[in-house]
Amino acid sequence: MAFEFNGKTYEADEDGYLLNLEDWSEDVANYIASTEEVEMTPAHWEVVNFLREYYEEYKIAPMIKILIKAMKNKFGPEKGNNAYLYELYPSGPAKQACKIAGLPKPTGCV
Amino acid sequence: MAKEKIEAPKLTGKIETPRIQPGASLACQHHKANEQFLTGLGYPSSLVENWQEKAIAKMGELLNKYKSLKLYLDICVRCGACADKCQFYLGTGDPKNTPVGRQELFRKVYRRYFTPAGKLLGNLAGAEDFTEEVLKEWYVYFHHCSQCRRCCVACPYGIDTAEISMAAREIMHSIGLGTKYVDEIILKVFNFGNNLGMQPKAIKNSLDFCEDEMKEAYEEKGIMDIDVKIPMDVEGAEVLLVVPSADFFASPHIESLLGYAKVFYQAGISWTLSSYASEAGNFGMFIGSYDGMQKVASRIGQAVRDLKVKRLVIGECGHAYRIAYSFWNTLIGPFDTLDKRYPIPQHICEFTYDLIKRGALRLDKEANDEFVVTYHDSCNIARATRMGDMPGGQFEIPRSIIKACCNKFVDMPQETIRENTFCCGGGAGLLTDEMMDIRIKGAMPRMQALKQVIDSHGVNFFALICAICKAQFTKIFPAYGLSMDMVGGVHQLVSRAIVLGAKE
Ligand code: SF4
Ligand code: SF4
Ligand code: SF4
Numbered sequence: 001m002a003f004e005f006n007g008k009t010y011e012a013d014e015d016g017y018l019l020n021l022e023d024w025s026e027d028v029a030n031y032i033a034s035t036e037e038v039e040m041t042p043a044h045w046e047v048v049n050f051l052r053e054y055y056e057e058y059k060i061a062p063m064i065k066i067l068i069k070a071m072k073n074k075f076g077p078e079k080g081n082n083a084y085l086y087e088l089y090p091s092g093p094a095k096q097a098c099k100i101a102g103l104p105k106p107t108g109c110v
Numbered sequence: 001m002a003k004e005k006i007e008a009p010k011l012t013g014k015i016e017t018p019r020i021q022p023g024a025s026l027a028c029q030h031h032k033a034n035e036q037f038l039t040g041l042g043y044p045s046s047l048v049e050n051w052q053e054k055a056i057a058k059m060g061e062l063l064n065k066y067k068s069l070k071l072y073l074d075i076c077v078r079c080g081a082c083a084d085k086c087q088f089y090l091g092t093g094d095p096k097n098t099p100v101g102r103q104e105l106f107r108k109v110y111r112r113y114f115t116p117a118g119k120l121l122g123n124l125a126g127a128e129d130f131t132e133e134v135l136k137e138w139y140v141y142f143h144h145c146s147q148c149r150r151c152c153v154a155c156p157y158g159i160d161t162a163e164i165s166m167a168a169r170e171i172m173h174s175i176g177l178g179t180k181y182v183d184e185i186i187l188k189v190f191n192f193g194n195n196l197g198m199q200p201k202a203i204k205n206s207l208d209f210c211e212d213e214m215k216e217a218y219e220e221k222g223i224m225d226i227d228v229k230i231p232m233d234v235e236g237a238e239v240l241l242v243v244p245s246a247d248f249f250a251s252p253h254i255e256s257l258l259g260y261a262k263v264f265y266q267a268g269i270s271w272t273l274s275s276y277a278s279e280a281g282n283f284g285m286f287i288g289s290y291d292g293m294q295k296v297a298s299r300i301g302q303a304v305r306d307l308k309v310k311r312l313v314i315g316e317c318g319h320a321y322r323i324a325y326s327f328w329n330t331l332i333g334p335f336d337t338l339d340k341r342y343p344i345p346q347h348i349c350e351f352t353y354d355l356i357k358r359g360a361l362r363l364d365k366e367a368n369d370e371f372v373v374t375y376h377d378s379c380n381i382a383r384a385t386r387m388g389d390m391p392g393g394q395f396e397i398p399r400s401i402i403k404a405c406c407n408k409f410v411d412m413p414q415e416t417i418r419e420n421t422f423c424c425g426g427g428a429g430l431l432t433d434e435m436m437d438i439r440i441k442g443a444m445p446r447m448q449a450l451k452q453v454i455d456s457h458g459v460n461f462f463a464l465i466c467a468i469c470k471a472q473f474t475k476i477f478p479a480y481g482l483s484m485d486m487v488g489g490v491h492q493l494v495s496r497a498i499v500l501g502a503k504e
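These protein sequences, in sequence, are chains B and W.
One point on numbering: in UniProt numbering, the residue at position 93 of the first sequence is 93, and numbering is uninterrupted.
One point on numbering: in UniProt numbering, the residue at position 215 of the second sequence is 215, and numbering is uninterrupted.
Warning: the hint list may mix true and false statements.
With a cut-off of at most 27 Å between alpha-carbon atoms, the simulated DSS-like pairs for lysine-lysine come out as follows [what the hints assert, rightly or not]: (1) W/215 x B/72; (2) W/295 x B/65; (3) W/5 x B/105; (4) B/105 x W/32; (5) W/295 x W/340; (6) W/215 x B/79; (7) B/59 x W/204; (8) B/95 x W/340; (9) W/32 x B/59; (10) B/72 x W/32; (11) W/340 x B/65; (12) B/79 x B/59; (13) B/105 x W/119; (14) W/403 x B/59; (15) B/69 x W/340; (16) W/365 x B/95; (17) W/201 x B/69; (18) W/5 x B/69.
If you are wondering where the hints come from, they were derived from the structure by calculation, not from laboratory data.
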């Protein structure tokens with residue numbers, strides 16, 4: 001399932017996850033976020049950037065606890081928790097934030 | 001692309017037989033496996049042209065190979081005893097989600113091509129050509145079966161719909177038809193050794209993080225001398241522990257991993273994980289693929305030899321233990337190098353329970369006093385395995401562990417637990433986003449049973465020993481208005497209660 005944005009065609013899977021990592025840009029991220037009804041704030045970007053960096057190193061998104069810890073270190077305990085991540089990404093930080101970050105959906109028994 | 005919200009059934013505490021609604025769940029379909037996944041597993045890259053002929057030939061082959069399959073197809077008397085036993089029928093009202101309705105999809109094709117009456121009389125004998133329409137229904141309804149075997153327990157003849165659905169999936173694969181979710185995952189195990197596709201470096205990072213977390217947590221309590229390790233690839237360790245890869249990644253799965261590590265620490269038994277055999281689960285079974293199952297399992301046999309361990313223990317995963325218990329010996333055995341004094345393989349619950357019985361662990365139940373706990377029997381463990389040396393050990397042992405770790409435990413109603421347990425609604429390949437509708441509805445019976453003990457006893461912790469169950473329930477609890485924080489593992493409770501350090 002491909003999608004069009006700004007006159008360019010992006011290859012994506014059935015659920016709208018980008019197939020090619022290198023197609024990602026902040027503009028595309030904003031666009032995907034809008035289809036998910038997520039409005040990107042600095043805190044949202046913090047998550048997305050962390051996921052992308054982590055992915056580059058480990059070829060998979062981080063487990064949620066690692067993400068929470070990173071957020072805690074950056075913004076303090078009131079933002080470094082699961083509930084806050086779900087506030088940012090209501091359909092689940094792992095899947096929804098990965099989608100906006102242009103990473104493949106983590107699948108397995110998760 | 002914002003998804004419309006799926007309406008969950010109301011939580012009333014009652015499991016009611018639904019109004020019959022033909023076709024109610026026909027629209028809930030898996031994404032299909034693409035060429036990459038199908039060819040990766042050795043299947044045709046897409047639906048083959050002469051698929052009907054090929055499928056019938058494959059059916060003939062399976063009928064010869066599995067005598068039980070033919071028997072199940074022949075002996076059903078349509079008594080209907082199984083009909084209201086399937087959670088997917090109870091949740092959707094779709095008659096093709098009754099076990100007998102599901103079987104009929106297979107049986108009518110079988111009759112048409114393999115029985116004299118069906119060949120001669122066709123429809124009159126309940127036979128039907130294998131048309132495109134029928135194939136479409138196969139694809140939907142054989143993937144709406146979680147192979148939980150609840151119907152099998154209710155059937156007076158012991159007809160096992162799970163086996164029929166495995167055969168149907170095997171036939172569909174042979175003509176180039178599979179689901180993306182399952183096939184992609186099997187391919188990831190072929191390539192990386194685990195369902196998530198985690199590379200050793202990523203696993204290692206997760207484990208290091210967990211070790212640090214544990215150390216910090218103890219230090220916060222002023223305990224400075226406890227340093228619990230989660231070893232990987234240690235040659236010569238006593239025990240190889242194989243866990244579902246979700247235990248390296250997801251919540252609440254990871255909390256049980258901490259529990260296992262603390263048990264080993266306190267028992268003083270050396271252990272290791274393997275980065276090569278980094279998955280207990282084995283989706284090969286879901287598609288009835290013996291070869292796939294063997295290839296996935298072979299990594300574990302290899303790790304046993306490479307790491308020269310003496311014992312093999314399996315973490316909290318339902319279907320993994322079913323396969324380990326029933327098939328490993330044939331798939332990757334005999335385990336000549338392992339210590340015969342212990343079960344081969346052994347479930348982590350058996351392992352922990354033995355230590356508890358011997359008084360080797362100190363457990364502070366008060367650490368779990370904030371919880372009123374109930375326990376969901378994983379269907380795979382309940383109806384396809386055993387634990388310990390007593391009948392019903394697979395029911396008693398996890399409960400005994402919980403009771404040793406918690407003051408407050410209560411069971412859900414009898415007709416919904418032990419051998420009568422319902423599936424979580426996410427087994428055998430259903431655990432994917434596009435199947436959310438049937439996942440939520442299929443969980444209904446379990447949720448109603450839970451609702452009863454929430455109302456009567458204030459249950460606020462739902463203990464599990466299956467990675468799929470954990471993922472499924474954390475996803476569907478919110479749809480029922482419950483917090484996902486209620487969902488956890490049995491060894492998560494152990495992790496909280498266990499007192500580490502020298503014994504007094
Ligand atoms: S095996 Fe389970 S899911 Fe499949 S038909 Fe029987 S009860 Fe339903
Ligand atoms: S209970 Fe057994 S015999 Fe009766 S309809 Fe179901 S499968 Fe057939
Ligand atoms: S996920 Fe759990 S309850 Fe569901 S099929 Fe597997 S073992 Fe059974």
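Okay, the hints, checked on the actual structure:
| no. | hint | verdict |
| --- | --- | --- |
| 1 | W/215 x B/72 | holds (18 Å) |
| 2 | W/295 x B/65 | violated (32 Å) |
| 3 | W/5 x B/105 | holds (20 Å) |
| 4 | B/105 x W/32 | holds (16 Å) |
| 5 | W/295 x W/340 | holds (25 Å) |
| 6 | W/215 x B/79 | holds (23 Å) |
| 7 | B/59 x W/204 | holds (13 Å) |
| 8 | B/95 x W/340 | violated (44 Å) |
| 9 | W/32 x B/59 | holds (25 Å) |
| 10 | B/72 x W/32 | violated (40 Å) |
| 11 | W/340 x B/65 | violated (39 Å) |
| 12 | B/79 x B/59 | holds (26 Å) |
| 13 | B/105 x W/119 | violated (47 Å) |
| 14 | W/403 x B/59 | violated (40 Å) |
| 15 | B/69 x W/340 | violated (43 Å) |
| 16 | W/365 x B/95 | violated (36 Å) |
| 17 | W/201 x B/69 | holds (19 Å) |
| 18 | W/5 x B/69 | violated (31 Å) |
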